[in-house]
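The listed protein sequences correspond, in order, to chains X and B.
Just so you know, the first sequence maps onto residues 12 to 260 in my numbering.
Just so you know, the second sequence maps onto residues 625 to 981 in my numbering.
FYI, nobody ran anything at the bench for these hints, they're computed from the structure.
Do not take every clue at face value.
[As the list claims (entries may be wrong)] Ranges of calculated distance between the beta carbons of each label pair, as one might list FRET restraints: (1) B:Glu875 - X:Leu199: 35 to 43 Å; (2) X:Val229 - B:Thr806: 37 to 45 Å; (3) X:Leu119 - B:Arg767: 51 to 59 Å.
[Stated by the list, open to error] Subject to a maximum C-alpha distance of 25 Å in a straight line, what follows is the list of computed PhoX-like cross-link-like pairs (lysine-lysine): (4) B:Lys808 - B:Lys760; (5) B:Lys879 - B:Lys856; (6) B:Lys671 - B:Lys735; (7) X:Lys147 - B:Lys971; (8) X:Lys147 - X:Lys124; (9) X:Lys251 - B:Lys971; (10) B:Lys879 - B:Lys846; (11) X:Lys143 - B:Lys879; (12) B:Lys808 - B:Lys735.
Ideal placement from N, C-alpha and C gives every residue a C-beta, glycine not left out.
Residue strings, one per chain:
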Amino acid sequence: MSNQAIGNSKPARHVPRTRPIDRNEVYVYEAPIRLWHWINALAILTLAVTGYLIASPLPSLGGEASDHYLMGYIRFAHFAAAYIMIIGFVFRIYWAIVGNIHARQIFLPPIHKAKWWAGIIYSVRWYLFLVKEPRKYVGHNPLATFGMHFGFIWLTVFLIVTGLALYGEGAGYDSWQYTFFSSWVIPLFGQSQDVHTYHHLAMWGMVIFVIVHVYAAVREEIMSRQSMMSSMFSGWRNFKDDLPMDKDH
Amino acid sequence: MMESFYDVMRRQGISRRSFLKFCSLTAASLGLGPSFAPTIANAMENKPRLPVLWLHGLECTCCSESFIRSAHPLVKDVVLSMLSLDYDDTIMASAGHQAEAIVTEIVEKYKGNYILAVEGNPPLNEDGMFCIIGGKPFVEQLRYAASNAKAIISWGSCASWGCVQAARPNPTRATPVHQVITDKPIIKVPGCPPIAEVMTAVVSYILTFERFPELDRQGRPKMFYSQRIHDKCYRRPHFDAGQFVETWDDEGARKGYCLYKMGCKGPTTYNACSTVRWNGGLSFPIQSGHGCIGCSEDGFWDKGGFYDRLTNIHQFGIEENADKIGMAAAGVVGAAAVAHAAVSAIKRARDNGDKQS
Chain X
12 MSNQAIGNSK PARHVPRTRP IDRNEVYVYE APIRLWHWIN ALAILTLAVT
62 GYLIASPLPS LGGEASDHYL MGYIRFAHFA AAYIMIIGFV FRIYWAIVGN
112 IHARQIFLPP IHKAKWWAGI IYSVRWYLFL VKEPRKYVGH NPLATFGMHF
162 GFIWLTVFLI VTGLALYGEG AGYDSWQYTF FSSWVIPLFG QSQDVHTYHH
212 LAMWGMVIFV IVHVYAAVRE EIMSRQSMMS SMFSGWRNFK DDLPMDKDH
Chain B
625 MMESFYDVMR RQGISRRSFL KFCSLTAASL GLGPSFAPTI ANAMENKPRL
675 PVLWLHGLEC TCCSESFIRS AHPLVKDVVL SMLSLDYDDT IMASAGHQAE
725 AIVTEIVEKY KGNYILAVEG NPPLNEDGMF CIIGGKPFVE QLRYAASNAK
775 AIISWGSCAS WGCVQAARPN PTRATPVHQV ITDKPIIKVP GCPPIAEVMT
825 AVVSYILTFE RFPELDRQGR PKMFYSQRIH DKCYRRPHFD AGQFVETWDD
875 EGARKGYCLY KMGCKGPTTY NACSTVRWNG GLSFPIQSGH GCIGCSEDGF
925 WDKGGFYDRL TNIHQFGIEE NADKIGMAAA GVVGAAAVAH AAVSAIKRAR
975 DNGDKQS
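Make a model of the complete structure from these sequences and hints.
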């Protein structure tokens, strides 16, 4: 079976010439997606650690205030990583539009298709050890798409919007962060305190996402019918059998 | 002709020199340029006195107590003479039916041309029977007095947000003024109580210019509520340095370090305490070594302990903060992932065994 028939991979542009075309693999994750993935992962790690330390600071330092700038540096790291995440997210949306078909999968789950929902149920059954064989997908399985869309994309949007609203408080009335975010987000929650609390809670939501994401990726790498983790480095998805592809979406 | 503010002041024995000083002070506290002092003076000399009706609902009178302690005695004198104190439960001379008749008189005589200042809020449960003024529910008096008012000032957190009487479970259904009176312009001056100088400045501005100062989206005057306590706190350098009070009376507390870890709500509270301060600019809570409790914020009674950094999330039924909930959830998910991995490994080993045999 030829590569073109297996997946929806884009034509030649992204396929290095040295690769044999009839190998059992598909080019799924384009270079910008992979770069974004790892930069974003680092940004999230930084944000979670520094965010936790902003809410529960390290033990107090002694001496004169002019000798230290610890909270200042922690907050700087948080804000810098936040901007990297925000700019990366905007870029990721752009790439969902201009990139290959897999680039927009997590943005547009086919919630109107019964087959996709059936695919989610099948995936759940696979994770509950109720079916022997997982299905074979070029992109994400339907459950993964569901999790990525609702557990990652919208959580990221929530974190970015509340985060910019909190940043706008310090930046002040005439800042764009205040104008576009703080001005409506804070009245929406009632006051600043609740925005802080839910921003913090959403961080834990992201931690949970990361646990599930990493675990699922490792497990899929080992137990599914296609490569997972290596694909996020190379971009290529290898298949362990040459049976036909399942297309739930 | 109705007498002007200036006439009233002179009658009360205030000299012209003191009057001009007050105008300059008011201009400065309102953040206006020096050229506005004569504008204020001119307005006060020529405009007829705008009556102010001061009603008290479900409240503790701390707003009035704060107001009459306005730092500059002059400010107090002047503003008190500006107000039509014919009706103010706490400080009016008359009582009984005589007093109540004054409300009717002002509402009818100055139709659409008086300011209604409300301290406290109306409870709505049981048709408002939890707060009775002159034999009638306060909510009725409020609605009546508001009907012809030019504008309304919501004094303090009670009138602005609900405050302690509206804290969970709010048995009397105490309701902030803006949710009861929806057809009048309302300015909120939250705080429990608001700072005296903030109150007098707001009244001065409204009476002088006959309009509200610039308000934020929640109806508070921007000049006093546009920044957090934290933004202008004199202990802020200790926060940035990472120097905190860890327990009361520790070395950090003695050195005046940041009270962030002691639950100071300065970072989430919009008010002017750290700039205007209290009691004539003498001090404010953080300066005296105690964290801000966030008294000018909506629902501050329901956000958990005043000494906790992370506050409660009530939606989870029991009182838990974001860290407890988050860590518990992450722990459960982590444990589930480990268990799932173990089952997966055993199953895979068994399946492989089956294949080989």
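The hints, checked one at a time:
no.	hint	verdict
1	B:Glu875 - X:Leu199: 35 to 43 Å	41 Å, holds
2	X:Val229 - B:Thr806: 37 to 45 Å	57 Å, violated
3	X:Leu119 - B:Arg767: 51 to 59 Å	52 Å, holds
4	B:Lys808 - B:Lys760	22 Å, holds
5	B:Lys879 - B:Lys856	19 Å, holds
6	B:Lys671 - B:Lys735	17 Å, holds
7	X:Lys147 - B:Lys971	20 Å, holds
8	X:Lys147 - X:Lys124	18 Å, holds
9	X:Lys251 - B:Lys971	19 Å, holds
10	B:Lys879 - B:Lys846	33 Å, violated
11	X:Lys143 - B:Lys879	67 Å, violated
12	B:Lys808 - B:Lys735	14 Å, holds
Hints 2, 10 and 11 from the list above are not met by this structure, while the remaining hints are.
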